[in-house]
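Protein chains: 2
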Amino acid sequence: MKTIEQWGIFEIALEGRPAGNPFTDVALNATFSYQHRQIQVDGFYDGGGVYKIRFMPDTQGEWRYVTHSNHGEFDAKQGEFLCVAPSASNHGPVRIHNAYHFRYADGTPYFPFGTTCYAWVHQGNAMEEQTLQTLKQTPFNKMRMCVFPKHYIYNANEPVYYPFERDDTGQSDFARFNPEFFRHFEQRVEQLRDLGIEADIIIFHPYDRWGYAEMTAEQDGRYLRYLVARLAAYRNVWWSLANEYDFLLEKKPLEQWDRFFQMLETCDPYQHLRSIHQGSLLYDHTKPWVTHVCIQHADVKRAKEWRTLYRKPVINDECQYEGNIPLPWGNITAQELVHRFWIMVANGCYAGHGETYLHPEDLLWWSKGGILRGESWQRIAFLRQVIESGPADGLTPLEDEWVWLHSVTGGFNGNYRLMYFGEHQPAGWSWGLPKDVAYTVEVIDTWKMTITPIDGIFKNAAEIPLPGKPYLAVRIRPVV
Amino acid sequence: MKTIEQWGIFEIALEGRPAGNPFTDVALNATFSYQHRQIQVDGFYDGGGVYKIRFMPDTQGEWRYVTHSNHGEFDAKQGEFLCVAPSASNHGPVRIHNAYHFRYADGTPYFPFGTTCYAWVHQGNAMEEQTLQTLKQTPFNKMRMCVFPKHYIYNANEPVYYPFERDDTGQSDFARFNPEFFRHFEQRVEQLRDLGIEADIIIFHPYDRWGYAEMTAEQDGRYLRYLVARLAAYRNVWWSLANEYDFLLEKKPLEQWDRFFQMLETCDPYQHLRSIHQGSLLYDHTKPWVTHVCIQHADVKRAKEWRTLYRKPVINDECQYEGNIPLPWGNITAQELVHRFWIMVANGCYAGHGETYLHPEDLLWWSKGGILRGESWQRIAFLRQVIESGPADGLTPLEDEWVWLHSVTGGFNGNYRLMYFGEHQPAGWSWGLPKDVAYTVEVIDTWKMTITPIDGIFKNAAEIPLPGKPYLAVRIRPVV
Numbered sequence: 001m002k003t004i005e006q007w008g009i010f011e012i013a014l015e016g017r018p019a020g021n022p023f024t025d026v027a028l029n030a031t032f033s034y035q036h037r038q039i040q041v042d043g044f045y046d047g048g049g050v051y052k053i054r055f056m057p058d059t060q061g062e063w064r065y066v067t068h069s070n071h072g073e074f075d076a077k078q079g080e081f082l083c084v085a086p087s088a089s090n091h092g093p094v095r096i097h098n099a100y101h102f103r104y105a106d107g108t109p110y111f112p113f114g115t116t117c118y119a120w121v122h123q124g125n126a127m128e129e130q131t132l133q134t135l136k137q138t139p140f141n142k143m144r145m146c147v148f149p150k151h152y153i154y155n156a157n158e159p160v161y162y163p164f165e166r167d168d169t170g171q172s173d174f175a176r177f178n179p180e181f182f183r184h185f186e187q188r189v190e191q192l193r194d195l196g197i198e199a200d201i202i203i204f205h206p207y208d209r210w211g212y213a214e215m216t217a218e219q220d221g222r223y224l225r226y227l228v229a230r231l232a233a234y235r236n237v238w239w240s241l242a243n244e245y246d247f248l249l250e251k252k253p254l255e256q257w258d259r260f261f262q263m264l265e266t267c268d269p270y271q272h273l274r275s276i277h278q279g280s281l282l283y284d285h286t287k288p289w290v291t292h293v294c295i296q297h298a299d300v301k302r303a304k305e306w307r308t309l310y311r312k313p314v315i316n317d318e319c320q321y322e323g324n325i326p327l328p329w330g331n332i333t334a335q336e337l338v339h340r341f342w343i344m345v346a347n348g349c350y351a352g353h354g355e356t357y358l359h360p361e362d363l364l365w366w367s368k369g370g371i372l373r374g375e376s377w378q379r380i381a382f383l384r385q386v387i388e389s390g391p392a393d394g395l396t397p398l399e400d401e402w403v404w405l406h407s408v409t410g411g412f413n414g415n416y417r418l419m420y421f422g423e424h425q426p427a428g429w430s431w432g433l434p435k436d437v438a439y440t441v442e443v444i445d446t447w448k449m450t451i452t453p454i455d456g457i458f459k460n461a462a463e464i465p466l467p468g469k470p471y472l473a474v475r476i477r478p479v480v
Numbered sequence: 001m002k003t004i005e006q007w008g009i010f011e012i013a014l015e016g017r018p019a020g021n022p023f024t025d026v027a028l029n030a031t032f033s034y035q036h037r038q039i040q041v042d043g044f045y046d047g048g049g050v051y052k053i054r055f056m057p058d059t060q061g062e063w064r065y066v067t068h069s070n071h072g073e074f075d076a077k078q079g080e081f082l083c084v085a086p087s088a089s090n091h092g093p094v095r096i097h098n099a100y101h102f103r104y105a106d107g108t109p110y111f112p113f114g115t116t117c118y119a120w121v122h123q124g125n126a127m128e129e130q131t132l133q134t135l136k137q138t139p140f141n142k143m144r145m146c147v148f149p150k151h152y153i154y155n156a157n158e159p160v161y162y163p164f165e166r167d168d169t170g171q172s173d174f175a176r177f178n179p180e181f182f183r184h185f186e187q188r189v190e191q192l193r194d195l196g197i198e199a200d201i202i203i204f205h206p207y208d209r210w211g212y213a214e215m216t217a218e219q220d221g222r223y224l225r226y227l228v229a230r231l232a233a234y235r236n237v238w239w240s241l242a243n244e245y246d247f248l249l250e251k252k253p254l255e256q257w258d259r260f261f262q263m264l265e266t267c268d269p270y271q272h273l274r275s276i277h278q279g280s281l282l283y284d285h286t287k288p289w290v291t292h293v294c295i296q297h298a299d300v301k302r303a304k305e306w307r308t309l310y311r312k313p314v315i316n317d318e319c320q321y322e323g324n325i326p327l328p329w330g331n332i333t334a335q336e337l338v339h340r341f342w343i344m345v346a347n348g349c350y351a352g353h354g355e356t357y358l359h360p361e362d363l364l365w366w367s368k369g370g371i372l373r374g375e376s377w378q379r380i381a382f383l384r385q386v387i388e389s390g391p392a393d394g395l396t397p398l399e400d401e402w403v404w405l406h407s408v409t410g411g412f413n414g415n416y417r418l419m420y421f422g423e424h425q426p427a428g429w430s431w432g433l434p435k436d437v438a439y440t441v442e443v444i445d446t447w448k449m450t451i452t453p454i455d456g457i458f459k460n461a462a463e464i465p466l467p468g469k470p471y472l473a474v475r476i477r478p479v480v
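One line per chain: the protein sequences are E and R, in this order.
Here the first sequence is numbered in UniProt numbering, starting from 1 and rising by one per residue.
Here the second sequence is numbered in UniProt numbering, starting from 1 and rising by one per residue.
Please note that the accuracy of each hint is not assured.
Intra- or inter-copy, both count: the list cannot distinguish identical chains.
Stated by the list, open to error - Pairs of lysine-lysine, DSBU-like flavour, derived with a Cα cap of 30 Å:
{"hint": "1", "residue 1": "448", "residue 2": "469"}
{"hint": "2", "residue 1": "251", "residue 2": "312"}
{"hint": "3", "residue 1": "301", "residue 2": "448"}
{"hint": "4", "residue 1": "448", "residue 2": "251"}
{"hint": "5", "residue 1": "301", "residue 2": "312"}
Everything labelled a hint here was simulated from the structure, so no lab data went into it.
Isolated chain E (complex conformation) (with noise of 0.2 Å):
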């Protein structure tokens, strides 16, 4: 019996020439089964009369699965496998936990530290792979990118595939996909993957000059079904709806993005990660359909409020980005791109890279992928570091009054506690320390990267002495 590990890929191809168009007239599903546990899961047609159907198993052991047609020749076909052991690399796919943190669906902790890389699946194969090679060295976990092809500001050049036939004119038949162009899209998802890296996939977004922005609702809801035929059974898979949603509001309205959540929640077996990501027009995050709230913020001291209002976890993935373009929301200095993750991440939220540096050929990271120039993913991946020798089950805000007036940061879970004092420089602290239990007391240097033990064991300490010196946090951890 044929063997795929735990949260693999099995695949089922089918060869066949129907008559008619192969991507809308063909219907084909399958029944997977696990003793009495059954999952319907779409297939697609690939191409060169191959039809497909990928599952994602969840659950080790015997599965069969039966297909569904209305061509006769895909109709009833049957099969097993086993489902075995997930290999030491493969945590399966990322859940939500602890209310507003996350984990993989095996109880290993993840914490997100993505960048962005809008267009890089476009770039052609040497910088494709050079993206990867950077990615290898640096901690991002998470990548934010898009399925089409980006025309915008820096972002002149066409892709090397298209998503749909094109006629000689340029004009898309929306009713047929290239499968060409998704098996690339897939085979960068699956590199991601192997890097340990999850793919937060763009399934719509403005920046359009070949049509894709101005689909009809039908075309935009098979372009999704057809994404999640061929992608969902990938597990670091995420998906966000859009990209600046609020700037396509004019072409598909407020109701259009609700059915389209409504649609992932209906076509993906998975249930893989949900959201979506606004310019100024925040999307009602408290919505059922979505997981995580997706947000776009340069003030990253209102991480709190964003907890508060959407009770979810919160990701600001694009609170600026290090660079020097003369657009505000791409040229912060790298300390203050650092400076923005620590405050999100010690209120127990997250944040995004992304770098924008002005390139003579226009290659800037941020979209293009390529190699980093900047000096904040050293910092991040540093914070990393800490966030995951920590709790975990994640951080929650302090609460402490002198800790929220907009000033310091300081997230706890149990007597461990992960303050960040920013642009304040305090010689000693007071506030929100542990009760009646010893701990002992670290200064972290955030840009220096560097981690001080303060002397002694402190327990019931009316304050804990500090350097006076800005950009520091401290952390506190219970003597055991």
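Since chain E is already given, all that's left is putting chain R on it; use the hints.
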């Protein structure tokens, strides 16, 4: 005929020892007349059998007066004086100008760059003289200062003078003022005046161990009227009803604060500027008796929101202090305070300085005065020079969408621009530039205090080049 300079003080002194409490049982005031114009001015008891009436004439020419009293000896006293041109450094009291700004009564621009030494007049002669010496070297042209002594952290010392008569046990008689206290206080106000510094007089505050915060509404009102009778004739007086009034709300409900404002409107013949300072609950500064917004808030990027909300001049008198004490409001870096000043000021608002460095004898400038130990005050002096060499009518915030999105800050007046980039480091800039006019561009290093012209004259430039470094500002001036 006696001569008094315009906005100087004309004083009437009357001697006598009527029966009863000389502070409460004698009613005394005077009517001052200039041609057909009449102004009522309250008198006050100054101890030693001397009653006084002080008057600040605002018009040059011949003035007459007649007194009124329930004590016959003081009634119907008449006299006259000649009001002459003011001396060179006397520009009169500060008034609101151009809706969001200030200027002196003689039309000279006044841009507030204030500091805070809450209890400096209660530190004894040596330190108080030292404070005045320090102020001579610094840019500050407004001083926030309390009438009452202060009981608070780092403030344990007894005052030299008490505002009310006290018995042997230290109990105050709130119906009997201590004229020596007020003469001392007036001397300090006068010395500030002679240094060109407005006295932002804080009438009530919650930091008390002597009972001043516990007075009845009647006692409060009597104190307020006595203060106005004594001090209103000093042209450099501003009224700040309270510091952190909201921490007194249990004792003095909101209606009482409204009433205090109305009393100031009623008693003060000169209508000095009036505001109130909050801890966390903002007073409604839209109320008609508030002349300008006094605010305590760390998030200076909300400056434009406060302008829009209140439609009055905005002074963020406490956007946290340079220092290193454990409390977040008193431990930001000098760099951060300078940064916050620039954000407020380039938004057409104003900010206040304070310094809270730990000291072995608790000599913190913010409360006691003395000497300055920090590094922000020099940069505030530099900023004041920049502002004073700019448009006399002050700045209005640019509303370009890229500027206001919680990012860079830009103020304008006609074709003048002052744009502050802060943590942003654009290599070029395109937004909010003047149209159809030739202009020069200078780069201002807000910390190093340098102003560097960019070569060339610009006109309808798509973009101006910038150094791509943080904490810079740009000054744009039309070529005339």
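Consistency of the hints with the structure:
Proximity of residue 448 to residue 469 under the C-alpha cut-off of 30 Å is found in both arrangements, the shortest distances being 13 Å within a copy and 20 Å between copies. Taking identical chains as interchangeable, the C-alpha atoms of residue 251 and residue 312 lie at most 30 Å apart only when both belong to the same chain, with a minimum of 29 Å there against 41 Å between chains. Taking identical chains as interchangeable, the C-alpha atoms of residue 301 and residue 448 lie at most 30 Å apart whether they share a chain (23 Å) or sit on different chains (28 Å). For a Cα distance limit of 30 Å, the shortest separation of residue 448 from residue 251 qualifies neither inside one copy, at 47 Å, nor across copies, at 50 Å.
Taking CA atoms no more than 30 Å apart as the test, residue 301 paired with residue 312 passes in both settings, with 17 Å inside one copy and 27 Å between copies.
The structure fails to meet hint 4 from the earlier list, while all remaining hints are met.
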